[in-house]
Amino acid sequence: MTTWLISDATTLEGSSVDIAIEDGTLSRLEKAGSIDPSIAPEDRRYDANGRLVTPTLTEPHIHLDATLTAGEPSWNESGTLAEGIGIWADRKESLEAADVKERAERAIEWMASNGVTRVRTHADTTEESLTGVRALLELREEVADLVDLQVVAFPQDGIFTDESHEDLLRESLEMGADLVGAIPHNEHTREDGVASVELAMDLAERYGRPVDMHIDETDDPGSRFTEVLASESIKRGIGDRVTASHTTAMHSYSNAYAAKVISLLAESGASVITNPPDNAVLQGRYDDYPRRRGHTRIDELREADVTVGIGHDSVMDPWYHYGRGDQLDAAFVLLHYAHMNGRSDVGPLWEMLTTANADVFGDEEYGLSVGSAGSLVVYDAPDAFNALRTRAPRTLVLKDGREIARTEPSSTHVVREGDDGDELERSVDFHR
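Start counting the sequence shown at 345; every next residue gets the next number (our numbering).
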């Protein structure tokens, strides 16, 4: 029997607790100081010293086939989604499986060190050799010690824009892709966009797979495919297995139409993923002033009880040149441009980062309660507000009762000159 004891940790609700994990399962959760340390060997006793603890994090939307390719073969100078797609079209012609796996694995290690143990990646199925899809499906098993990896069969260039794309999408599902994707706003016509939603839903039912579509990722208020996805979800009764990613056009819809779409999403049971880093910079590129920002209507969706999660989307690729695989970075961007910087917004942001993202992923053992998976992360911060404020280092990450990452935060010393001319040195701690 393998036992861990995390003592004197602070939960998101502010409680001070001891946590025992036995054989990969959270077995005890009691008031701090209540659990005898001797239940765990010395090398598996961790004194959190009042630091924040949460269940591990989830990355519900990323593109690991393209990660770490920023600048290859060129940089996205316009900052637009369209130029990013064009650059990726050139880059994917030279994809090699070993390269895809090496880059993806490095990004996964970054995410794991930041407390992420569940990752949903989209894999481009419009690359005719399906090299990226094959590589990520192989990697799914190879990185299982760090993360649970889901692969979405994603037709980046559209399903009906080339006669081969539908067959490639079907082949990817036959190969074992976990979810069905689509990108209706990237089809040539409105009619083809609707047909792509319907086909993806047909394939989901045929193969018994969930759906995650890039949908209405544009500033154009005339892009109206989310209503189609929600309607199909209602008619087929599969909304609890459907994710609408981006939905940024909703930012620009009239209030009356947005209310209709949100009502349909709520009725369908479908989830929404917002991707703050990418959509903060990709959207609004065709505007003069004022310039819009492409996040969806998070507050109104949540008020309607639609599950809304937070994704990073890109880490150093043609669409977003920055990033380090940290979900707290994504939330930090969101709190600024979604006006979620109030004290009362701290709880909703963490709910999106934790419970909502896990719901999107389909993790039924998620949580910090007796019987849940023994997967948790400790932050070098005393509470939820300060962990987000500083994007605090993750001092310990456990996955199913196994240590997968540990960080010893560096200390900074500021040297000042005192009144008598002597040097005064003081340690500065941003995190606590």
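Rather than coming from a laboratory, the hints here were simulated on the basis of the structure.
Warning: the hint list may mix true and false statements.
Label pairs and their calculated CB-CB ranges [said to hold, decoys possible]: (1) S359 - G423: 40 to 50 angstroms; (2) D387 - S688: 38 to 48 angstroms; (3) H665 - Y630: 11 to 21 angstroms; (4) R750 - R450: 17 to 27 angstroms; (5) E485 - D434: 26 to 36 angstroms.
A virtual CB, placed ideally from N, CA and C, is assigned to each residue, including glycine.
Each hint tested on the structure:
1. S359 - G423: 40 to 50 angstroms: holds, 44 angstroms
2. D387 - S688: 38 to 48 angstroms: holds, 41 angstroms
3. H665 - Y630: 11 to 21 angstroms: holds, 20 angstroms
4. R750 - R450: 17 to 27 angstroms: With Cβ atoms ~19 angstroms apart, the hint holds.
5. E485 - D434: 26 to 36 angstroms: With Cβ atoms ~30 angstroms apart, the hint holds.
In this structure, every one of the numbered hints holds.
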